[in-house]
Amino acid sequence: MIRARNLKKVFGSIVAVNSINLEIKNGEIYGFLGPNGAGKTTTIRMLTGTLKPTSGEIEILGIPLDKNEIEVKKRIGVVFEEPKLYENLRGTEFIDFIIAIYKLDREKTLAYLSELTEAFNIDYLDGFIGDYSHGMKQKLALVSVLMRRPEVVFLDEPTVGLDARSAKILKMLLEKITSEGRTIFMTTHILEIAEKMCSRIGIINRGELIAEGTLKELRKLSKTGSKSLEDLFLELTGGEEIAEIVEAL
Amino acid sequence: MSEIFLLLKYTIKNRGKGGKISKFLSPILPFFFMLVFGVPVGAFAYKILPPVNIYIPAIVPDGYTLMDGIVSLIIIILSFLFFLGYSPMIIFTLFENDNVPFLLSLPVKRISIFAVSSYDALVTAGVPAWYVVSFPIIYAIILKISPVVPVLSFIFYIVLLIAISNLFAMVLSRYVSRTGAKRGGMIVYFITLFLYLIIYTPLSSTNKQNLVEFAQKLKGLFNISLSPFLPSTWLINGMKGNFSGLFYLLALSLFLYVLTYQLSKGMDFYVEKRGERKKVRFTPFSMPLLRKDWLYFKREPMNLYLVGFSLLFPLIMFTGSRDPFAILIMGVAIAGMYVPMLTAGLYTIERKSCPLPLTFPQNPSGALLTKAILPTFTFSLIALILSIPAVVKEPLTIILIVWFPLLYYSLSLFTLYLLLSRPSRDLTKKNILALWEMLLMEFITVMISSMIYLVGGLYISTLKGSEQKLLHLMSKHPVLFHALGIGLPTIAIIMLVLLTGFFRGKIKRMGDRICV
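The listed protein sequences correspond, in order, to chains X and Z.
Using our numbering, you'd call the opening residue of the first sequence number 1 and step up by one each time.
Using our numbering, you'd call the opening residue of the second sequence number 1001 and step up by one each time.
Just so you know, the hints here were simulated from the structure itself, not pulled from any lab data.
Each hint should be verified, as a subset may be incorrect.
Stated by the list, open to error - A short list of chain Z residues far from chain X (calculated; beta carbon distances all over 10 angstroms):
hint: 1; residue: V1392
hint: 2; residue: P1423
hint: 3; residue: G1487
Stated by the list, open to error - Here are the simulated distance ranges between beta carbons:
hint: 4; chain 1: Z; residue 1: S1424; chain 2: X; residue 2: A167; range: 31 to 41 angstroms
hint: 5; chain 1: X; residue 1: R206; chain 2: Z; residue 2: L1167; range: 50 to 60 angstroms
hint: 6; chain 1: X; residue 1: M172; chain 2: Z; residue 2: F1080; range: 47 to 57 angstroms
hint: 7; chain 1: X; residue 1: S13; chain 2: Z; residue 2: L1106; range: 29 to 39 angstroms
As the list claims (entries may be wrong) - Here are a few chain X residues that sit away from chain Z, every Cβ distance over 10 angstroms (derived from the structure):
hint: 8; residue: R3
hint: 9; residue: S13
hint: 10; residue: N21
hint: 11; residue: E57
hint: 12; residue: I63
hint: 13; residue: E115
hint: 14; residue: S166
hint: 15; residue: K168
hint: 16; residue: T178
hint: 17; residue: K216
hint: 18; residue: E217
hint: 19; residue: S228
hint: 20; residue: L234
hint: 21; residue: V246
Even glycine gets a Cβ: it sits at the ideal position worked out from N, Cα and C.
Here chain X stands alone, though its shape is the one from the complex (with noise of 0.2 angstroms):
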């Protein structure tokens, strides 16, 4: 589970994220949007220990991720929006240095990664990662982070650069990695994949977390009444007055 407590960040004077509070249970599929920049990648990188807080406390798993960040990593993956990765490395050898970085289980890995590269029809591993597209380095970043099974993954716009098979094939792994008991916090912009899959969502805006609960928890909070998530979404956002710039246009 994931657990932050005031959490804040500060980058010289603009607050990009400030006291936010999150409580995501195992098991849980965690949708947490905002518009752009309204924090969710710098709220992902404190959570996952890749950016450090100006304040705050996070604990994934029970365990206090500045004590012991290295635990932490172990056994949780993340997924960034940008797949950057080693561009000089062929894509087994990317596999190769996961496995040993991580101390993972050559024989079992391997029979799971040859699953999922033929899920998600990745059959280009053995060129330069500086050679792929950006949908296929998205692929390998996928694989590379769910061939170890870890107990919580943070996938930050997830389905951006993957094709119509893929994007479907991984909607509905996420669904078996929360069956089994496993966490998922997933920020996105395709409110349609929040509605069906997420659990519970939560709605930041400029740094705050302005809203959170089911999407039956969510309604209840519209003052207009709005029924589907993207009319709340634009409601809570301050995206109302969208039918008038368009107008304007």
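For chain X, the structure is supplied; the task is to place chain Z on it using the hints.
Using the frame of chain X, we list chain Z on its own:
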């Protein structure tokens, strides 16, 4: 034409956060290379070519002088290198440039995109052509003719080479990957630089007699290199003021350019992916961080150059030198630049992958400290090879040689410390270190290594009775002599140990800054 200039202007602007000077210099870089490579070779050619402007029918075909034969060979070799380096570079800068899809969406002609990318590739890969840029003028001076026809012939010869390279790149693009093209182009580029060094340095002392003797060995080759069907022979004819040479070059280059233009219209500007895939093979990684660095090290062509140059340059420069310490100091001076460059290269691959390195279950400072291992090992090995003459001459020198790993380790850590101190850098540059940082590290390296190797080496030699000017004089003052001979190297070694500890401590505390 204005379209090409506009694209070129924004290509340069897009190249990174370089200062005003580097932005101003970018468009004139080819001309700068012309000066850097062309002027010394021109001066060298002007010195050695006039005496061989002689007819020797037994060696060179009728109608040509020995000078023509030698120049034809040089032109053929350099043309070949130009062609080998330029074609893959076009693939890299044109066919797989990330900006090309955007450029294709703009209302600009495809030939303009092609021309700008070709120019961009020419900056790096055109070096072999700059070597001989002065040849038409030298021919005009030696033969006392107007330079117009020779210069025009040379221009059309280069146009011809560019056209052939472009055509070849179109074919090659179907078979190579982006990485393969980049690597191929860079390897040829560095081979060309080596060739320059290897040919230019020992030949600069060549006289006419040596050259004639050398030419006699190449007798058979001149019949091939001066074949009337070769464009290089047309260039020789053109440089001799012969209009037929100019005409053939003009005709063929125009024909190939029209062909290239026509083909470029239908090009999709993408490298075709290879259909056939190799069998996927996984190999266990032991010491994953080091192995990853090693794979980068052996795959980045610039590293091949850094290592090759560091080893060969001191050896070539001091061939026949009686002072083995001069070779050693030269090696250290070069390592003073190249250890930081290699370390920075290894650091850059982590920076470019951020925040991935921070997701691994390990302390980031551990990954950073690993970056110092490969440069230290590589350059210590080179130093060991370069120190063989010194050790053979004086075995006691070995007590100085053993400090090389510490010197390079400390230098590598210093580089990492500087990189972490100012983490926001333009990662698109080949060398992300600033000039002042390079100079600072070079100064410290030369200063410390001089205290250890120059003073220590002279001290040992003097003790063993060799005639050394500086310390021999001091040997008349035994206290000063021993104090300096032992004291300075010892102080330098203590400084190295302290600096190593200081930088290690700093890097351990600054590890998180790798992905700032």
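Original post:
Closest CB-CB distance from Z:V1392 to chain X, is it above 10 angstroms?
Top reply: holds (39 angstroms)
Original post:
With d taken as the least Cβ-Cβ distance between X:N21 and chain Z, does d exceed 10 angstroms?
Top reply: holds (24 angstroms)
**OP:** Please settle this one: X:K168 was flagged as non-interface, so is its CB more than 10 angstroms from every CB on chain Z?
**Re:** Since the minimum Cβ distance to chain Z is about 24 angstroms, X:K168 lies beyond 10 angstroms and the statement holds.
**OP:** Hey, is Z:P1423 genuinely clear of chain X, shortest beta carbon separation above 10 angstroms?
**Re:** Nearest chain X Cβ is 14 angstroms from Z:P1423, so the label holds.
Subject >> Z:S1424 versus X:A167 beta-carbon gap, inside 31 to 41 angstroms or not >> reply: Check passed, 35 angstroms falls within 31 to 41 angstroms.
Original post:
Z:G1487 clear of chain X by more than 10 angstroms, beta carbon to beta carbon?
Top reply: holds (46 angstroms)
**OP:** Hey, is X:R3 genuinely clear of chain Z, shortest beta carbon separation above 10 angstroms?
**Re:** Per Cβ check, X:R3 is outside 10 angstroms of chain Z; nearest 20 angstroms; holds.
Subject >> Hint check for Z:L1106 and X:S13 - Cβ pair distance inside 29 to 39 angstroms >> reply: holds (38 angstroms)
Original post:
Is it correct that the beta-carbon of X:K216 has no partner in chain Z closer than or equal to 10 angstroms?
Top reply: Given a closest Cβ separation of 34 angstroms, the condition holds.
**OP:** Say whether it holds or is violated: X:S228 keeps its Cβ farther than 10 angstroms from all Cβ of chain Z.
**Re:** holds (34 angstroms)
Subject >> Outcome of range test on Cβ distance (X:R206, Z:L1167; 50 to 60 angstroms) >> reply: For X:R206 and Z:L1167 the Cβ distance comes to about 56 angstroms; the hint holds.
Original post:
With d taken as the least Cβ-Cβ distance between X:S166 and chain Z, does d exceed 10 angstroms?
Top reply: holds (18 angstroms)
In the structure shown, no violation is registered for any of the earlier numbered hints.
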